[in-house]
Amino acid sequence: MLAGIAILLGTTAVTAMLAIATTIGDRIHKELAVYGANIVVYPKTDLLDVKIGGVDVKPSTGGSYLKESDLAKLKTIFWANNITGISPEFHRAGKIFVVDGATGGPFNSRAIWRENDPVMASLQTFPVTAVGYWFDHRFGSLVTGAPQLHPWWRLEGRWPVEHPIDSKHVEGAQEIVLGSTLAKRLGMHIGDWINMGTEFEGDIVGIVNTGDATEQQILYPLDADEQVMPIEPDGKHIDEVQRDISRVEVSARTKPEDAFARKDPDSLSPQQREIWYCRPYANSIAYQIREVIPGAEAGQVRRVEQSEGNVLNRISGLMWLVSAAALLAAGFAVSAAMATAVLERRGEIGLMRSLGASKSAIAVLFYAESGLLAIFAGSLGYLIGSGLAAWLGARIFSGDGGSAEAVLNPVLLPVVVALALVVAIAGSTPSIRSALRMDPSAVLRADA
Amino acid sequence: MSKLSLIGMLRRSLVHRRARSLSALIAMTVSAGVATALLTLYANLDAKLHKEFRSFGANVVITAPATAPLRPDALEKVRQAAGPDALAAEFAYAVATTDRGTPVVVAGTDFAAVKRLDSWWQVDAWPDASAANAALLGQRAAQFVADERAVILTFAGHSVTLQGVGRLRTGGDEDSRIYMPLAAFNAWTGVAPTVIELQIPGGATTVDASISRLRHALPELQVQPVRALVEGESKIVDRTHALMYGAVLLIALTVAISVLATLSASVLERRRDFALMKALGGSQLHLMGMFLLEALVLSIAGVAAGFLVGSAAAWAISETNFHTATLPRLSVLPLVLLLNIAIAAMAALFPARVLRGLQPAALLKGE
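For the protein sequence lines, the chains are H and R, in the order given. FYI, our numbering numbers position 358 of the first sequence as 919, with every residue one higher than the one before it. FYI, our numbering numbers position 237 of the second sequence as 238, with every residue one higher than the one before it.
Looking at chain H on its own, in the form it has when it is part of the complex:
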């Protein structure tokens, strides 16, 4: 009975700890997703970004872009299932009126015009960047986009709905979100509208506070690009399929980088290269992205990737070590309890011996008892421990879709029961042996 309780508790603790330790990597990865993308894809360009503090100092015109239609190819790479979020961006520089050049008074127009537009020459303006993003965009089985990859953005109002909707102003107006600094500067609020481009209007449905340069930008749905900026500087219409993208942020589940991950795959032997390719390193995923998207350069965001790997390693290492401590403690507890259980029954052993049972028969009997107890209590402990781990996980990591993983981890059952079996048998061995070594008559008399 006592031994049973000890095994039950021991396996409960061990199962719970192991179940937590095996899933902690995924859970912490989800938490670390708040740091945003760990891989960034950009066109192999002949121009250099001239950005200070996230603001384009000299916005480049023209240059090379990626194509939005190429993003579908990300679903075909080896580690496609590890991609948890994608957020393409298209940066478009423009200017906003401040003062009406003709009257000199404050200009009430809310228009943004493209850089280099001759209309702008006579007006006082300040530069502004409009950035096209995905908002709750369906990508395979993912629903992803800018809000998902920037969980620290604080939104007042709501995100734009992709696809044009009917508007109170003009047909085909687009929903947009303003950065909070820009909104304050323009004195605009949710419900206002802004004239973007020549014939399209943006309804402001949200104001976003980001803590970075995005606060000074206009965010619009990428699929509105066609309407917001209908014509290329050279007068060409932008084909929907050919929509340009200046940058893609990708969030992927990766394996923390080790020495092997830093190797250049092209310098490895074919077998080694295969291994490198088939491990979910950030470098391998970036390599695979480069392979499928023509003209793309992909690399890990070292600040996120390196530090995440670091933190992930530490926390899961900690959990494994604590699990080991739990295992050790449970092992001690179970074997002590088994020893007590056998010692208590010395009288029985003496009786059996004096009735003619062989030592081996008695040992087998006791081992069988311990074994059955271990299997039964171990299985029960497995169930309770799994439940406990699920409860603990749900409580601590609430709200991250923790239901994704199964409550019962079938791999743990044989492991835990086998451990219980080994510990129970090992724990009872010394006391069985010492009990068998005693003279039956002495034992019986002493315990009369």
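Quick caveat, the hints were computed from the structure, so don't treat them as lab data. A portion of the hints provided could be inaccurate.
[Unchecked claim] Reference listing, derived: stretches of chain H covered by chain R, where coverage requires no fewer than 3 residues with Cβ under 8 angstroms from a Cβ of chain R:
#, stretch
1, 567-580
2, 851-862
3, 886-896
4, 912-924
5, 952-958
Even for Gly, the Cβ is constructed at its ideal location relative to N, Cα and C.
With chain H held as given, fit chain R onto it using these hints.
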């Protein structure tokens, strides 16, 4: 025969049943050891985790107003306000032209500070502190430079020749920049630093407190937290903390109940001693005191041994996992002691109560 004293009885009881005493002692040691190890780790956990998060780099950015650069003493003031543990580096930016005619952002900074602050930068070789014209070339910027060993940059008609000592890879904006020592940068462009990147260790509350101190000390500057980092760090540390808490409780409970069971079995097994003493005239109180004392001696010995074992385990765990030593903490000792004494007392008193109602004669007869 001399009269047995309480101490004598205790000694005999412990020595005579050596195996049993030893197993009880081991049980107590394990329980004290596990409790010590987990509590020691737990007490240190937040500090250790926050330390790991330092590798994310700056979590606060201080920017000068658009009209004027930072005051020369700004960095010193920031360091004072942020505390001795904070890391800070100042940056000055200018847009220069490379020898191929491409505009490029050139940043002047203190390489020694940046090396500590931005440990995620992958750099072939950090420039020597004494080299006045050493430069780090971002991997994208390097493609727009004719000769990486002698980089010629032009700013407002003045040109400078820098010696590139290595490439810099970050995957961020830094890839498109060229970094050089601040003194040389200032002499060349005349541009003073405008940005201080600051890393304040600790969770959101610590960072917020430091930020309000900074805003108070330097009212003209804009102090902004890197929100993704500050929020994420607190969230993850809190969750790991909670997880550890759950684990500690779970393990402590398992060990406590197992030890309780083992010890009370060892007391129950001595029904006959109990009956004998009672038959010889021991009062209930006397006997319970006897058991209790024995359990206490065992548990104190167990705590002493367990504290050593547990501290060693905590040290080993943090050495393997965090690569920093966790020194034994005497502050956990009272809690461990209390825990074990409580277990021992329960283990001694529970069976004594069960046995109270029994008749010594019946027990001695073996019923």
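Can you list which hints this structure breaks, lowest number first? 4
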